[in-house]
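Student: Here's the letter readout for the chains.
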Amino acid sequence: MLEISLFYIAATVALVATILAMTRANAIHALIYLIVSLLAVAVIFFLIGAPFAAALEIVIYAGAIMVLFVFVIMMLNLGEEGDAREKQWLSPAVWAGPTLLAVILFAELLYIISSVEGPVSTAQVTAKQVGLTLFGPYVLAVEIASMLLLAGLVGSYHLGRRALDRNIDEADARALFTSNSNSESNAGRGEQ
Amino acid sequence: MDGLNIPLSHILLVSSLLFAVGMLGLMMRRNIIFILMSLEVMLNSTALAFVAAGAHWGQPDGQIVFMLILSVAAAEVAVGLGLVLQIQRRFKSLDMDNANRMQG
Numbered sequence: 001m002l003e004i005s006l007f008y009i010a011a012t013v014a015l016v017a018t019i020l021a022m023t024r025a026n027a028i029h030a031l032i033y034l035i036v037s038l039l040a041v042a043v044i045f046f047l048i049g050a051p052f053a054a055a056l057e058i059v060i061y062a063g064a065i066m067v068l069f070v071f072v073i074m075m076l077n078l079g080e081e082g083d084a085r086e087k088q089w090l091s092p093a094v095w096a097g098p099t100l101l102a103v104i105l106f107a108e109l110l111y112i113i114s115s116v117e118g119p120v121s122t123a124q125v126t127a128k129q130v131g132l133t134l135f136g137p138y139v140l141a142v143e144i145a146s147m148l149l150l151a152g153l154v155g156s157y158h159l160g161r162r163a164l165d166r167n168i169d170e171a172d173a174r175a176l177f178t179s180n181s182n183s184e185s186n187a188g189r190g191e192q
Numbered sequence: 001m002d003g004l005n006i007p008l009s010h011i012l013l014v015s016s017l018l019f020a021v022g023m024l025g026l027m028m029r030r031n032i033i034f035i036l037m038s039l040e041v042m043l044n045s046t047a048l049a050f051v052a053a054g055a056h057w058g059q060p061d062g063q064i065v066f067m068l069i070l071s072v073a074a075a076e077v078a079v080g081l082g083l084v085l086q087i088q089r090r091f092k093s094l095d096m097d098n099a100n101r102m103q104g
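Chains A and B are the protein sequences, given in the same order.
For what it's worth, my numbering labels the leading residue of the first sequence as 1, then goes sequentially.
For what it's worth, my numbering labels the leading residue of the second sequence as 1, then goes sequentially.
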């Protein structure tokens, strides 16, 4: 009985944390609520017999991806006026329509889900089974995922590199130019 | 964890609620960082549905799809946050309504 109540507690925490994350004005506060939500989902994974998925959820989702968000929010340096603008955008007139549409779609999903029966299996699916299946029948999917990650790496490098270069150009182009030309002429003399 | 009998429909209910909340956030926010966070929530909820279905039949396939969703989410966030930096630099704002026109 205890484990079942653990599931319901984790599900409630995940839902409340997600709703709070979606309605915060400050991006960092929203991000912390989102991390709590992901940790609660990891607890659910562990309870339904998927410990490997739970570990991946914590390490990659709550760890790596959320740290990426934190870094970008720190680089943007939004500040107080960003919070004020977000609060202005979050007026009831803005979210009433989307809420109605989301509730309608959720009601449809609820109707479909109500026909599903049977409990989740109590047996654990171990990391060994997952690995054997991943590198057996699903080895092509691993290749596709690796190509996708390579594309993401190249794309984000391209986008981020141009942003950094232009920022430097706009901010202190003259100072950099003079220091560069000095260092280049010095280097030229050194080579000669 | 023996003797645990969570109904599959309850897990799918949680998953669809998370999906609905994520979609609600996607529709009502205008800040591109919150839009990316909502996309993460939606991807995560579908991953929960896959893992629950895999656990229902005692097969590892659900967790494999979860790992594929994880790699999709990682690539999407990397490219999306690169775009966030570009949009902030170009429009001096994170409002998605500023970025409604492509150059071409």
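Calculated directly from the structure, the hints in this document are not laboratory data.
For every residue, glycine included, the Cβ atom is placed at its ideal position computed from N, Cα and C.
Any given hint could be a false lead.
As a list, the in silico EDC-like pairs of lysine to aspartate or glutamate whose alpha-carbon atoms are at most 16 Å apart [said to hold, decoys possible]: (1) A:87 <-> B:61; (2) A:128 <-> B:61; (3) B:92 <-> A:81.
Stretches of chain B that chain A covers, calculated by requiring three or more beta carbons in the stretch to come under 8 Å of a beta carbon on chain A [as the list claims (entries may be wrong)]: (4) 14-24; (5) 82-91.
Student: Hints first: check each against the structure and report whether it holds.
Tutor: Status of the hints after comparison with the structure:
Using a Cα cut-off of 16 Å, the hinted pair residue 87 (chain A) and residue 61 (chain B) is violated, with the two alpha carbons roughly 43 Å apart. Of the pairs offered as hints, the one joining residue 128 (chain A) and residue 61 (chain B) holds, with about 13 Å between alpha carbons and a cut-off of 16 Å not exceeded. Proposed proximity of residue 92 (chain B) and residue 81 (chain A) is supported: the alpha carbons are some 13 Å apart, at most 16 Å. Counting residues of the segment 14-24 of chain B whose CB lies closer than 8 Å to any CB of chain A gives 10, which reaches the minimum of 3, so the coverage claim holds.
Closer than 8 Å: that is the beta-carbon criterion, and the segment 82-91 of chain B has 7 residues meeting it against chain A, so the requirement of 3 holds.
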